[in-house]
Amino acid sequence: MINTFIAYDDNDFALGDYFEDSHGDIIAVIGVNALVNHVSIRGLDCTEANINAILLCLNGCRFIFIALTHGNNDEFVCNDVFISAANAHHFSNSFFYSTACSTGKNIGKVLVANGCHSFIGYEEEIEIILDYSTVFYSCENFGIKSFLQNDETVEASYNKMVENYTTQIDNLLTGSMDNLIAATYLISNRDCLTLLGNKTLTRNDFN
Amino acid sequence: MNTPTKIVVIHDGLILKNDPLLVELKTKFGEEEVLHYENSNQGLEYVLGHLNQKMIVLLDVNFSKGELSGVQVFKDIRQKTALVYVILITADEFCKIKNEDLIFLINHDAFALESVTSDYTKIVSLVESASHKLDARVDAVLEEWITKQSKEKREKPYLKTKDAKTYTLDNILESIRQQGEIGKQMERNILKLAVDLLTRQKTKLDD
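So the sequence lines, in the order shown, correspond to chains E and D.
1 is the number of the first residue of the first sequence in the numbering used here; add one for each residue after it.
1001 is the number of the first residue of the second sequence in the numbering used here; add one for each residue after it.
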């Protein structure tokens, strides 16, 4: 089984609904995948102590960690900081998938330096046009859904994710000015995506 | 199709209605589009009350006592928006403008400074150049689009950043006019989209 943890900040004042819908979007796919054993960690449970305790139980096995929360250059935040350099070593043997702002800039590299195999995330702040939330979180989640559904490398999933962004951008071009504005923000988000670490692993490496 | 640009002439030394400069401007831009204010306070009031339309201000430097000086009118406009082009004109020598005022004019994008002579063609040519630049400015296009939206839509949350800030279209409009970060980000995103489409040769867009 592929142990998959999804931390999502459903408790966030500004984006709680967005994170919850984004979580639902992932669960709709991996929830019916017999290879995946998933554990969802809600906002109030996303504390550094709790995350450390959960990961310690894995005894060094490989796992996938998905973060649907706020973030910045150096940390993941869910009310309080729950992942930073201080507990980066707990993510050794993981594939870390982040939709949080700016986490590809530094903390992603810190995680990889501490033994995390692969990291996908964003190097800059990312933005959402509210009337197009579904498109935005579908694009953010595309890579991990593809990775868990197919026998493909992390790099292939990443490339498909970028391609999907482009497809969604093109779909929006045939509509109104609102669509165009949404497309410009998708482009901005797409262009700050980053893949760090090992690019050749497949889901079988986590099974 | 571009909406017409209003040419607002704030000058107390022109012949009402028949001044050659006004006649020439009306011939080029249309009778309805050229407005003349002899009183600088009233001219400023018009400009600040009509920021939702494209405007070029032709502004005299010197006014009678009790009226705002041209430089003060310029400063008051710049407090509200960076998107109105202002051309300052004076019959005096430029050296009579205070150094600090000249620095302010240059640092806050006065479009041009021109002396008034009997040959108005230079001034008309500057207005034409400003008009062309206004049509080509991304921020001006965005401003025009936002101001055309309904009040309800403009006041509704439109954009969320993943660092938990929410912006309405009115917030974005203000940021565009003040050259704030979120407005500049929107401009950059539009240019990014344009470059992306051109490089991918996606040139067939629906209206």
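Any given hint could be a false lead.
Claimed, not checked - Anything over 12 Å on all C-beta distances counts as not near chain E; from chain D, calculated:
| no. | residue |
| --- | --- |
| 1 | Glu1067 |
| 2 | Thr1166 |
| 3 | Gln1185 |
Stated by the list, open to error - With a straight-line Cα cutoff of 16 Å, these simulated EDC-like cross-link-like pairs (lysine to aspartate or glutamate) come out:
| no. | chain 1 | residue 1 | chain 2 | residue 2 |
| --- | --- | --- | --- | --- |
| 4 | D | Lys1160 | E | Glu125 |
| 5 | D | Lys1192 | E | Asp191 |
| 6 | D | Lys1075 | D | Asp1109 |
| 7 | D | Lys1133 | D | Asp1119 |
| 8 | D | Lys1192 | E | Asp170 |
| 9 | D | Lys1160 | E | Glu155 |
| 10 | D | Lys1165 | E | Asp191 |
| 11 | D | Lys1184 | E | Glu125 |
| 12 | D | Lys1156 | E | Glu124 |
| 13 | D | Lys1148 | E | Asp178 |
To be verified - Not the full set, but computed from the structure, chain E residues with beta-carbon under 7 Å of chain D:
| no. | residue |
| --- | --- |
| 14 | Asn79 |
| 15 | Val81 |
| 16 | Ile129 |
Treat the hints as calculated values from the structure; they're not laboratory data.
The beta-carbon is built from N, C-alpha and C at its ideal position, and this holds for glycine as well.
The hints, checked one at a time:
Residue placement check: Glu1067/D keeps its beta carbon more than 12 Å from all beta carbons of chain E (closest about 41 Å). With a least CB separation of 6 Å from chain E, Thr1166/D falls inside the 12 Å interface cut-off, contrary to its annotation. For Gln1185/D, the shortest C-beta to C-beta distance to chain E comes to about 7 Å, within the 12 Å cut-off, and the non-interface label is violated. This hinted pair checks out: Lys1160/D and Glu125/E have alpha carbons roughly 11 Å apart, not beyond 16 Å.
Distance restraint check for Lys1192/D and Asp191/E: the Cα-Cα separation of roughly 9 Å lies within the 16 Å cut-off, and the hinted pair is therefore satisfied. Between Lys1075/D and Asp1109/D, the direct Cα distance comes to roughly 11 Å. Compliance with the 16 Å bound is thereby established for this hinted pair. A distance of roughly 23 Å separates the Cα atoms of Lys1133/D and Asp1119/D; the hinted pair therefore is violated under the 16 Å criterion. Taken as a hint, the Lys1192/D and Asp170/E pair is honoured in the structure, with Cα atoms around 14 Å apart against an allowance of 16 Å.
About 29 Å separates the Cα atoms of Lys1160/D and Glu155/E, which puts this hinted pair outside 16 Å; it is violated. Between Lys1165/D and Asp191/E the alpha-carbon distance is near 21 Å, which puts this suggested pair outside the 16 Å criterion. At roughly 14 Å between alpha-carbon atoms, Lys1184/D and Glu125/E fall within 16 Å of each other, so this suggested pair holds. In summary, the hint linking Lys1156/D to Glu124/E is not supported, as the alpha carbons are separated by about 25 Å, beyond the 16 Å threshold.
Straight-line distance between C-alpha atoms of Lys1148/D and Asp178/E comes to about 12 Å, which keeps the hinted pair within the 16 Å bound. Taken as an interface hint, Asn79/E does not check out: its beta carbon lies about 11 Å from the nearest beta carbon of chain D, beyond 7 Å. Contact between Val81/E and chain D, as hinted, is not supported at the beta carbon level, the nearest pair being about 14 Å apart and thus beyond 7 Å. The restraint placing Ile129/E at the interface with chain D holds, with a minimum CB-CB distance near 6 Å, inside the 7 Å limit.
In the structure shown, a violation is registered for the earlier hints numbered 2, 3, 7, 9, 10, 12, 14, 15, in ascending order.
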